[in-house]
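Asks: Heads up: the protein sequence lines correspond to chains R and L, in order.
The first sequence: position 27 = 223 (the working numbering), numbered continuously.
The second sequence: position 790 = 1999 (the working numbering), numbered continuously.
Source of the hints: derived by calculation from the structure; they are not laboratory data.
Treat each hint with caution, since some may be false.
[As the list claims (entries may be wrong)] Taking lysine-lysine pairs in the DSBU-like style, the calculated list, with each CA pair at most 30 Å apart, reads:
{"#": "1", "chain 1": "L", "residue 1": "Lys-1365", "chain 2": "L", "residue 2": "Lys-1527"}
{"#": "2", "chain 1": "L", "residue 1": "Lys-1365", "chain 2": "L", "residue 2": "Lys-1406"}
{"#": "3", "chain 1": "L", "residue 1": "Lys-1248", "chain 2": "R", "residue 2": "Lys-271"}
{"#": "4", "chain 1": "R", "residue 1": "Lys-258", "chain 2": "R", "residue 2": "Lys-271"}
{"#": "5", "chain 1": "L", "residue 1": "Lys-1273", "chain 2": "L", "residue 2": "Lys-1248"}
{"#": "6", "chain 1": "R", "residue 1": "Lys-258", "chain 2": "L", "residue 2": "Lys-1248"}
{"#": "7", "chain 1": "R", "residue 1": "Lys-271", "chain 2": "L", "residue 2": "Lys-1273"}
{"#": "8", "chain 1": "L", "residue 1": "Lys-1365", "chain 2": "R", "residue 2": "Lys-258"}
[Claimed, not checked] Stretch by stretch, here's where chain R covers chain L in the computed footprint (C-beta under 8 Å, at least three residues):
{"#": "9", "stretch": "1243-1257"}
{"#": "10", "stretch": "1269-1275"}
Just so it is clear, CB atoms sit at the ideal spot from N, CA and C, and this is done for glycine as well.
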Amino acid sequence: VDKLDVPQGTLDLMILTILAREPLHGYGISQRLTTLSGDEFHVNPGSLFPSLYRLEQDGKLKAEWRPTENNRRAKYYRLTASGRRQLEQHRERWHRVSIAVRSVLEGA
Amino acid sequence: MIVLHRAVSILRWLLRRDRAEQELHDELQAFIDLAADDKVRGGLSPSDARRMAAIDLGGLEPVKERVRSARHGAWIDDLARDLRYGVRQMRRNPAFSLTVIGTLALGIGVNTALFNLWHGTLHAPLPGIERPETLVMLTDRQATGSMVGRDDGPRKWVSYAEFERLRQHASAFSGLMASQSGLDAWGVTVDGGVPEKATGRLVSGTFFDVLGVRPALGRLFGNLEDSGEPASAVISHSYWRRRFNSRPDAIGRTLIVRDTPVTIVGVTPPEFVGETGGQQPDMWLPLRLQPRVLPGTDWLRERPPDKVMWLHVFGRVKSGLTNAQADTQANAIFLAGLEEFYGPARREEAAGQRLRVQPAGRGASGYRGDVASSLTVLLASAGVLLLIACINLANLLVVRGSARQIEIAVRMSLGASRRRVVRQLVTENVVLAALGGVAALLSARLVHDALVMLLRDVDPRFFIAFSFTPPVLAFLGAATLAAALVSGILPAWHVTKRDPGSDLTAGGRGSIGSRGELRAGHWLAGLQLSLTFPLLLGAGLLVRTVDNLQHPVLGFDARHLLLADVQVGALVQDPSRRDRALRELHARILRIPGVEAASFSQLGLFTGGFSTATIEVPGAGPSGGGESALDRVGSNYFATLRVPILRGRDIAETDRADTHTVCIVNEAFARRYFAGRDPVGMRVTTDDYGVRTSYEVVGLARDARTRSIRDDVEPRFFVPAEQRPSRGVSRTFLIRTAGGERVVPAVRAAMEGIDAGLSASDIDFTPLDARVSLAIADDRTVARLALVFGAAALTLAAMGLYGVLSYAVRRRTNEFAVRIALGARSNSIIGMVLRRTAGLVLAGLLTGGVLAYVVARAIASRLYGVAPQDPATMLLATGVLLLIAFVASYVPARRAARIDPLRALHGG
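Generate coordinates for the entire structure from the input sequences, incorporating the hints supplied.
Replies: So, in structure tokens, the structure goes:
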């Protein structure tokens, strides 16, 4: 299995994007990431959880324990207003970066 | 905003750690559960699913660890853990810990105590006064003492009249006060007992007000003290405690200060020392008592042509005005006073004299010069000593680090980063150093007391309280941290530099430690040697200086000379009566059995007193005039001192007030004014504001040091005491006697009945040896401490070298065993070890020599009779270092030679 590494610095952006749609727990986020990336990204919990904790500490996320649909309890993360602002800024920047990178690659 | 969030979450994490940990655990557990559920849905058995899910997570603990260390504030956690670990390590090895803590406590304590003295003497504001930063001084803060005559340039002191004038007219100041510049020692009687010496100052009634001090008891001076002859005294807290057991009824008691009764009206707060830092007077008396405290003088009234300048003036500038504005006004008033005093005829006398308004938050400081430079030298050497001690600790830690190599290798292979391990080791060291620092709080106090006792030898009035003021605490903290880092970083670096795998497989058998670590050890030992060198050389030079000073080339016989200071102030107004009394006393002293010879002079020996006159020397060419030093002496002055008269004669008993005026000059005087010609028969003419007196030179005396032990002898002429007017209030009798102080009662008895103006109780006796010894006390104290520091440095360096070599030998045990088994002779083994040392010793000596040269140059001004690059001292210091280095390396070398190959190779 040849998976891609999550590019440096983009994990936070992807977490925020996923959580912008609905609150999710850690496992849900990692699953969603794999699905959305067409099975290319596999995020390691050893990277995912530190990111989640830091985002929470910075006030971008808020967490609460809730039952899941199969009646287990899990910690759900949702975006705060400040998290939403960061998401917009970072997404905007990422767009510019990817356009720039693509034009360099195609122009060369 | 983010900062706030972070702070709150860090706090929450720290305060509710258990809950947070539990939550993290639950969250990861939920991750596994959810993943397992998915896998069961995908067809795995529940137990397989859980196992796979746990593998996907990658292990609970590592993930937790990554979360913990990724969190903001993780360092606080790490620190707490390292601290706990450090304390545990320490308790596991108490002997090691105590060595480290003890060494640091002593090293840091000595440094802190010296810093406190140094800071207190040189930099701290006056203790116990209000807003020291706004206090200004109008006179010269470096000056201490008094002067009669005429000054020029910036004024050192002012006269009483000048102060009064300023106080009345200088509206730019909200307050002005004056204090006697010198600290006097008075005979004081309490409750009719015998007179005891107590120190005190005369001050204006505004003194305490301007400084902003409130009494601890009673009242302080006020307007009352500036009018009439107020017989009041304020005593210091320490005198109150010492002399009155802190009893409140001390207020209202009467003290007899030199025959003048004064009533105690108040006590100052404990920290208050007055306007001169580093001196603690026992009492303060009103300025207006001056004529009664020093009978025969009246320094309150101006008596042209001479001014008596003896007061420092301090004040506070009115708010809204600058110091420069106050300066302008004060000088205008001051100059107007001078014009009036000198009158139009001698207006030029006033030219150039001026006051200078300057900040004086640190107070007057004239006395500080000597002590301060000594303290700087000592503080610097104590710092180097601490550095050497830290290097020793570093060596110790390197060795201990290798004993812990397995533990550290395990930690590193379990994923601890190198930085993390280094940080942990350094933290351990900081714990040790912090304990050392805490212990230093205590040792600093003890060292301080010991140092102050030593410094009292130098200046009996020296006083600096020990207090943990912010600068002192900051210094202690910085010294502690520096010690921790210096001794901790290098070992930690070395311990972690190794490849953990090889350490684990080597298993500690055979070879211990790495080459790099050994190299570090050698390097450190060499550094210690090179740091020790300057301390040793400095100590050597200072000790030789003291030795030279103890046997100074004075130019006269200093043994068996007793000095007796006699007060003649009451007779100042009647010179012929004074001369008669002195003549009679002189004759009576000569008749005392055991007295071989006696004479007297106005200035005495090594008193610091100085007297000059404006002279003209006819026929001496263009250099034939100027100011020259002089002394007024009694008959047979030179014979008594045993200063050879090279030409002509001594002062004789027949040189009286009404006979032909004569003088004797010293060689320096003859060299300057007579340029090799025979001075006998020449004339020296003095000009005292137009009154000219011509003295015929009747003798040439060999140069002798009578004023300062260190300085060159200055040109000086000596006139018979009766042939030159003097307002001096004391005379010093020089009594040549083998009996020492046994003749004291006889001299006292001799004073009885000569004249009511000579009081037998007002006489001070000092053997000349004691005075010379006091004059060099500063040098002796510094030399003694430098020697202690040098010896300590040498010991530490020897220990360091010994430790490193022992370790090296232990590490090479196998190698030596094989060599011995193959027939190597013990001499060749010893040679091998010593050769390794030779390099580092040589390097240490070379760099140390350079350092030592720099240090010797820096202390050159303190040396006497020995050059900074004195080869003998240099050679001696080198020799001592070499010897100690040899002994420290020979012992481990011999141990290497005696290794039993069988036991060593069997791992015994």
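Asks: Hint by hint, note whether the structure agrees.
Replies: Hints, verified against the model:
1. L:Lys-1365 with L:Lys-1527: holds, 24 Å
2. L:Lys-1365 with L:Lys-1406: Holds. L:Lys-1365 to L:Lys-1406 sits at ~28 Å (cutoff 30 Å).
3. L:Lys-1248 with R:Lys-271: holds, 20 Å
4. R:Lys-258 with R:Lys-271: It holds: about 10 Å lies between the C-alpha atoms, which stays within 30 Å.
5. L:Lys-1273 with L:Lys-1248: holds, 23 Å
6. R:Lys-258 with L:Lys-1248: Cα-Cα ~29 Å, so holds.
7. R:Lys-271 with L:Lys-1273: Roughly 16 Å separates the two Cα atoms, so the pair holds.
8. L:Lys-1365 with R:Lys-258: violated, 75 Å
9. 1243-1257: Three-residue rule met by the stretch 1243-1257 of chain L, so holds; n is 4.
10. 1269-1275: holds (count 3)
Hint 8 from the list above is the single one not met by this structure.
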